[in-house]
Amino acid sequence: MNNIKNNHAELAATIALEKLFKAIDDKKCFRLEAGAGAGKTYSLTKALEYLIKNSGNYLMKNNQRIACVTYTSVAKNEIKVRTDNNPVIFAETIHAFSWSLIQGLQKQMLEFIPTISEKWEKRIKEAGGLNKQKVIYDLGYPKATAEEITLHHDDVIKIITHFLNAKKFRNMLKNNFPIIFIDEYQDTNKELADSIVKNLIEEDSGVLIGFFGDHWQKIYGSTACGLITASPDKIEVIGKNANFRSDRVIVEMLNRMRPDLPQNFNDPDSKGQISIYHTNDWMGTRRKDNHWKGDLPAHIAHDYLTKTKEILSQNEWEFTSDKTKILMLTNNVLAEEQGYKNLISAFSNTDDYLKGNDHYIKFLKDVVEITCDFFEKKQYGEMFKAIGTNTPRMMNQADKIIWNRDLKKLIKLRETGTIGNIIDLLRETNKPRLSSKVEQAEKRYSRFSQLTEPEEIQKEKSFYDKVSKIKSVDYNELSALAEYIDDKTPFSTNHGVKGAEFENVLIVCGRGWNNYNWSEFLSWVNNGIPKNKEDAFERNRNLFYVTCSRPKKRLAILFTQVLSTDAQKTLSHWFGVENIHNIGLE
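Its first residue numbered 1, the sequence shown is counted upward by one per residue in this note's numbering.
Careful, some of the hints might be misleading.
Said to hold, decoys possible - For each label pair, taking beta carbons as the anchor points, the in silico distance ranges come out as:
{"#": "1", "residue 1": "ASN430", "residue 2": "ASP25", "range": "49 to 57 Å"}
{"#": "2", "residue 1": "GLU453", "residue 2": "ASN85", "range": "43 to 51 Å"}
{"#": "3", "residue 1": "GLU126", "residue 2": "ASN77", "range": "38 to 46 Å"}
{"#": "4", "residue 1": "LYS437", "residue 2": "ALA166", "range": "27 to 35 Å"}
{"#": "5", "residue 1": "LYS437", "residue 2": "HIS8", "range": "28 to 36 Å"}
Just so you know, the hints here were simulated from the structure itself, not pulled from any lab data. Note that the coordinates shown come from a computational prediction; the quantities given were computed from them, not determined experimentally. For glycine and all other residues, C-beta sits at the position ideal for the given N, C-alpha and C.
Could you build all of it, start to finish, from the sequences and the hints given here?
Shown next as structure tokens:
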């Protein structure tokens with residue numbers, strides 16, 4: 001206990017955990033606000049362990065479980081591992097959890113689906129109307145036929161949002177899941193979050209809802225809810241005032257940036273390093289087009305990045321992927337080095353490729369890429385774990401020869417062929433075998449050429465066009481995307497940032513996105529937020545906070561866009577005037 005008393009971060013974490021346990025004992029809905037580096041997942045795991053110990057047997061006897069709803073499959077799997085796959089814990093993504101609740105309500109879904117949108121009304125009309133079709137949620141592509149209605153991911157959320165208004169549905173939910181924890185609550189769909197608050201918290205439904213997250217870390221789009229609030233005394237707000245990630249100087253900077261959730265640092269003797277570089281003295285003509293206004297020409301921005309890396313390398317920075325992350329908060333610098341522009345242009349929703357919602361990307365990234373990696377390392381046991389049980393194993397020497405031949409062919413084709421070429425090869429060799437989801441998509445894709453009815457062609461065209469575009473892309477773009485998602489490359493955009501941490505972080509802040517203007521945002525901090533600009537301010541603030549809070553030891557920021565005087569004042573207050581440098585190219 002003395003060690004905890006002497007460590008302010010540990011003490012703050014212990015206090016937060018005690019408040020968490022009390023809220024659970026009191027059956028009080030709560031929101032744990034855990035800033036960057038606070039150890040949110042640790043608190044979530046401890047809360048689940050507390051419930052397993054005190055209520056697990058009782059819940060299992062009553063055929064009830066604790067739901068732990070996550071935003072990604074990675075988080076879901078982490079929760080399962082941390083709780084030793086205890087059967088009382090039902091850890092799932094929001095889409096899978098929602099579908100588990102609604103899939104048995106076929107009649108009610110059929111009645112509601114036509115009201116979701118005009119597109120659904122039209123699809124069902126073209127399919128001959130409602131005729132007791134089976135509603136399924138499989139590939140995530142919306143479709144209606146005389147036999148089946150296939151839901152999109154967003155449709156599942158809209159359905160459960162609506163169903164929560166029904167008391168009968170809420171009772172069913174309570175009987176199955178009397179306790180629901182929502183991880184990364186700030187990324188929950190806004191309409192669903194409002195429905196949860198209205199129907200499960202304000203109504204005193206008897207379901208214990210626990211929110212775990214940080215509204216300053218909402219960076220995933222306009223549909224996310226951000227801060228969740230309710231009437232006074234309906235939600236216990238618990239702040240976790242600790243930071244176990246970053247050195248003292250970085251934590252103190254974050255506290256100046258965010259004084260309403262001050263954090264205690266873990267190691268008072270840690271040093272850390274902060275360096276801010278701007279390019280205001282560059283005398284050339286800056287860009288003037290649309291949302292590039294005020295930024296450097298691309299080749300000059302590239303030169304400034306090179307110069308910044310040279311300076312940092314002289315100050316103990318190592319630019320290797322295991323030590324340093326370069327976060328690109330701009331579309332200006334090194335876009336070509338990301339290496340997957342053509343592939344992501346096939347998707348309108350970033351979740352499709354970033355979170356594995358698209359079955360082609362998921363299979364190629366999680367099976368093909370890993371299979372090839374382990375094969376080249378001669379780690380055959382791990383290779384077959386990645387492949388799974390649906391591919392025949394090597395039974396004898398002849399099998400080994402065939403596997404060796406086919407995988408060498410696959411590895412060679414990865415370098416020269418398209419994604420379509422890879423799929424064709426795997427259909428031929430079955431090494432590894434296509435996943436069932438990709439097989440279904442391939443059958444649907446191949447049927448398109450046989451369609452003759454204009455209505456059918458129109459219904460399937462968007463699916464066909466999307467898959468065609470994916471297949472036409474060079475496979476090496478898939479490899480580059482997989483490396484980015486798995487954080488093997490030192491370059492990153494904002495999408496893969498949250499939750500990650502690195503020894504050193506260099507942030508490049510520039511223009512190129514309509515939604516982000518760093519000089520404007522920093523000026524608003526100093527002068528106040530203009531009317532109707534609250535959403536824009538929050539969007540910029542959150543991404544800036546998330547990226548600035550990633551490093552353990554060293555943080556550097558390079559601004560390629562010109563900074564106003566007010567923006568520089570904000571930087572001086574947050575980072576210290578002694579850490580701000582006007583960089584030149586000499």
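Evaluation of the provided hints:
| no. | hint | result |
| --- | --- | --- |
| 1 | ASN430 to ASP25: 49 to 57 Å | holds (54 Å) |
| 2 | GLU453 to ASN85: 43 to 51 Å | holds (48 Å) |
| 3 | GLU126 to ASN77: 38 to 46 Å | holds (39 Å) |
| 4 | LYS437 to ALA166: 27 to 35 Å | holds (32 Å) |
| 5 | LYS437 to HIS8: 28 to 36 Å | violated (49 Å) |
When held up to the earlier numbered hints, the structure conflicts with hint 5 and nothing else.
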